[in-house]
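Each chain, written out:
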Amino acid sequence: MEIPEELKFTEDHEWVLVEDDIVTVGITDFAQESLGDIVFVELPNVGAKVDAGKAFGVVESVKAVSDVYAPISGQVVEINEELPDAPEVINTSPYEDGWMVKIKVEDLADLDDLMDANAYQEFLENED
Amino acid sequence: MAFTPHTDNDIVQMLKVIGANSIDDLFKEIPAEVRNKKDLKLEAPLSESEVLRELQRLANRNATPETHRSFLGGGTYNHFIPAVVDFLTSRSEFATAYTPYQSEISQGTLQAIFEFQTLICQITGMEAANASMYDGASACAEAALMAARLTRRKKILTSRALHPEYRETLATYCRFLEMELIDLSFNKNGETSLEDLQAHLDDQTAGVILGYPNFFGVIENIAPLAPLVHDQGAKLVVAVQEAASLGLIKAPGALGADIVIGEGQSFGIPPAFGGPHAGFFAVRQKDVRSIPGRLVGETVDQEGKRGYVLTLSTREQHIRREKATSNICSNHGLCALRATVYLSLLGKDGLRTVAVQNHSKAEYAKQQISAVDGFTLPFSAPTFNEFVIEAKEPVEQVMARLESNGILGGIPLQTFYPEMENHFLVCVTEQNSREDIDILVQTLGTSRT
Amino acid sequence: MNEIGTRGLALNEKLIFEHSRTGRRGFSLPELDVPEASLPGELTRDEMDGLPEVSEVEVVRHFTRLSSWNYGVDSGFYPLGSCTMKYNPKVNETAAQKAGLALIHPYTPAALSQGAMEIIYKLEQMLGEISGFPAITVHPAAGAHGELTGMMVIRAFHEKQGNPRRKVLIPDTAHGTNPASAVLCGYEVVSISSDGYLAAEEVAAHMDDEVAALMITNPNTLGLFEKEIVEICAAVHAKGGLVYCDGANMNALLGVCKPADLGIDVMHFNLHKTFSTPHGGGGPGAGPVGVTKELEPFLPHPRIQLKKDHYAWDVNRPDAIGRLRAFHGNFGILVRAYTYIRMLGADGLRRTSEMAVLNANYIRARLEPHYHLPYKQRSLHEVVFSEQNLKGGCHTMDAAKRLIDYGFHPPTVYFPLVVKGAIMIEPTETETRESIDEFCDAMIQIAKESEENPALLKMAPVKTRTRRMDEALAARKPKLRWVKEEKKN
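Same order as they appear, the protein sequences are chains E, H and V.
According to our numbering, the first sequence is numbered sequentially starting from 1.
According to our numbering, the second sequence is numbered sequentially starting from 1001.
According to our numbering, the third sequence is numbered sequentially starting from 2001.
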């Protein structure tokens, strides 16, 4: 299971890449593997406001469906336009080509609540 | 007779394997105080021949097109059912299978449903159809809920000329969901009032529901309504209570409908006192993720061979539970299969011929009845195979006169529309000969005393 | 081991549309005996594109071939848990096809439909006697439709009392239809956890004045009788709530105990499960609902009354929730269930449940040494194992597919959700000991294969006409209908 060092993580299995006040969000390798073959992705519109802890999108596999939660509050500045037509990218490349949205963060301090790679690794071990 | 094959010895041996002393022992988790103290009070069991005699006795007490000349329609129709339909749909492999969860041993059901979905798209002019619903009325209610989901609005405008039992079903489904239902009146032609639609249609409207043909048999003029509905961002729902009409009248999909639902009973399904029938539900491809009920999709197996599976299941209750698009868990598969076989047999030529015969015979009956003194046609709009007649005498008297002459002459309308005193709905299908119609007309015209 | 699955000759078959040839016909009608009429041009459709043009024999072969790709109860053992795939007596079909029952129109005047009305009335009486409920409606078309009807009755009752309440409690073992139905009644679903059984204490802890109902399944989806059911009902009633029972598993209780006696207020039946009407590839069934006396006024339209010497429609029911479908219920299904109950009588029904429970416990005893049984309590009509003992990285789905190669329909898999990789087996009462033994032998063999040669499971099924389907492909690019290929220029 891949857990890149440079990312931060939520308990709902989203990853976050921080670049200044823009964060990129996707779901983790663990999440894609638990869901299985992903067949559908629903993303918010560019410009939409998202609230920390609230669902902003949906990923579906053949037999499961999962909300994707915003790790922080802010405004959607870009979405991965490729995903709706090629949702399987989340399975093959969860941390790169499978990114979902970019959010302009309101308050960078919110990011302090997220886990780093080690903490997430530990979190996964305890979840089992 | 119970259908349990075990011999006494089987039971003894099986209990031994289980390690139980008696059958009673198996039920010991059920507290003694709630167990039945007495045997059930039911009539004594019957053998097969006795039970068939009993059912024949009951069957004999019902009037049908085999005992009466019948002109009853109103959402259930007397159409001819080719022998092939009964033969093929009686096959155990279809009838005694369950939901095709295990696709490798359910390809028969799955391909047949895929064909059903295709046929429904073809006759409605739509892009995607589900594997069927319980009936036209419940499909209509589900369509209203889907319109509300798609638009995130709560107001539904419903034509009063839509089948009254569809309207009642819709009202029941909506009553606990904070939906607002508004009735649209019908005009003197028997069509939904355009003025009334314009008065109520606004940017809070989720959907507008019309019967096509409507309950009075009238072929609503949908084309000019669709842009009005769409301009407000609302969905146009077209409800087809008599699917045989689609052999002749314009496809709702070609007229701007967003959701087309209806009753498939006319396609090879016996009336059976009102059920089981088969509701159909068709939408635009872009809305397919909001559709209720099952869907079958085409795919390939491991070896690349074409096959079919239940798909887009994440909309459904067994996965999404309280967030599902509907609580429906089954379809009316065997009834949908009947429709599939029927439509395959008839094809495009047959469906048109049946529709033309229905329309022509109904037109003949309409002219003949309206020529009888004391009977008039209150509505002037074009109709398909049923139409409303107004009598000068009490409708009960008319029906009684017809019944005593072996005729089921129509459906009195005052039960559904209090203002329609002495109005009744007459339906004529390909099953009614000219002689049947002439006898109906003569009997209506026999002097009133 | 006597292996019944073989590779038979299976014929390929195109879609019906792909057989189409212009001008072929499969039907005949009498000559039109009145002048042909036409509609105004703007109302008339053009020729229908794509509808097939095929001969009768092509239609017959087409659907006969399709049928051969299916597996039904009449093909073999079908232990699909929670679905009660019992044998469907053929006499039911003969009865339902009688012209006086199949061809009667729903708007036939009551005086001319006394036979049909008698069947409905008497079936309601019989279901009432079996379940203990004083009032039954046969209106709903299916189990889920019955749930919706029952929950609406509950909501209407609470509204009449002045407060519809907000919440419905549902255990984590429940069918997905339960929460979906509760939501359609405007309720918020509160999931409560159970450990095999639902504890009365757990229910009491969740009860308050805003709980409208508890929805429970008894026996539950693990096949266990809810042994605290009486206390559970009391706890719900103490706060003014009502208890809804999903009657999917009634096949365990016929003549043994009456749900109404347990304190349940509303329950639906599945006539296609308990009362032997065919499942039809997913329907139609019927989902009658039984209620207590205080809830009777809220039952949907229409209701039948027995007057002195005839049956009549009861039209004066101001508190009724309305109707949830057109006409009088799935009458054709009611006729089949009526026929079945009349043939079995009290003794036959009781024997049905006894043998269903015997068969399930026998399977449990034979398979317990080989499969992990997560809940050890005495089960009734079905038994739920987990995938834990499968070796070689094999999962429940692999075992299920391997069963197909052995000639059996797989059990229900991955339900209930509380058991990881659940294998839910419901044999029903109509199986012989021999067919059950053959099934158990195959299950044991499969457990062994998972250890010795797991590829056999992972490749399975290999004897079917088609292999495992690519479900992800179907969902990613949904193709839901056949479309005529454009002619090349």
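In short, the hints are calculated from the structure, not lab data.
Since we're looking at a predicted model, the values are computed, not measured.
Positions of the beta carbon are idealized from the N, C-alpha and C atoms, including for glycine.
Take the hints with a grain of salt, since some may be wrong.
To be verified - In silico PhoX-like links for lysine-lysine, alpha-carbon gap of 20 Å or less:
hint, chain 1, residue 1, chain 2, residue 2
1, V, K2463, H, K1305
2, H, K1286, V, K2479
3, H, K1286, E, K54
Unchecked claim - Over 12 Å on every C-beta distance to chain E, these chain H residues come out as not near it, computed from the model:
hint, residue
4, T1007
5, K1016
6, A1083
7, R1152
8, D1203
9, H1230
10, R1284
11, H1318
12, I1319
13, D1349
14, S1404
15, F1416
16, E1419
17, I1439
Now for the hints, and whether the structure bears them out:
1. For the given pair, K2463(V) sits about 14 Å from K1305(H) by alpha-carbon distance, which is consistent with the 20 Å threshold.
2. As the CA atoms of K1286(H) and K2479(V) are separated by approximately 12 Å, the hinted pair is consistent with the 20 Å bound.
3. With a CA separation close to 26 Å, the supplied pair K1286(H) and K54(E) exceeds the 20 Å bound.
4. In this structure T1007(H) is separated from chain E by more than 12 Å, as the shortest Cβ-Cβ distance comes to about 43 Å.
5. With a closest Cβ-Cβ approach of about 41 Å to chain E, K1016(H) is found to remain outside the 12 Å limit, as its non-interface label requires.
6. Non-interface call for A1083(H) relative to chain E: holds, since the shortest CB-CB distance, roughly 41 Å, exceeds 12 Å.
7. Its beta-carbon lying about 15 Å from the closest one in chain E, R1152(H) satisfies the requirement of being farther than 12 Å from that chain.
8. Separation of D1203(H) from chain E is adequate, the least Cβ-Cβ distance of about 20 Å exceeding the 12 Å criterion.
9. Even its closest Cβ contact with chain E, about 21 Å, leaves H1230(H) beyond 12 Å, as expected for a residue assigned away from the interface.
10. Look at R1284(H): its CB is around 17 Å from the nearest CB on chain E, clear of 12 Å, so calling it non-interface holds up.
11. The beta carbon of H1318(H) is not kept farther than 12 Å from every beta carbon of chain E, the shortest such distance being approximately 9 Å.
12. Here I1319(H) does not stay apart from chain E, with its beta-carbon only about 6 Å from theirs, under the 12 Å limit.
13. Against chain E, the non-interface label of D1349(H) holds: every CB pair exceeds 12 Å, the least being about 40 Å.
14. A cut-off of 12 Å between C-beta atoms confirms that S1404(H) is not in contact with chain E; the least separation is 61 Å.
15. No beta-carbon of chain E comes within 12 Å of the beta-carbon of F1416(H); the shortest separation is about 42 Å.
16. The claim that E1419(H) is not at the interface with chain E holds, since no C-beta of that chain comes within 12 Å of its own (minimum 48 Å).
17. The beta carbon of I1439(H) sits about 59 Å from the closest Cβ of chain E, which is more than 12 Å, so the claim that it is off the interface holds.
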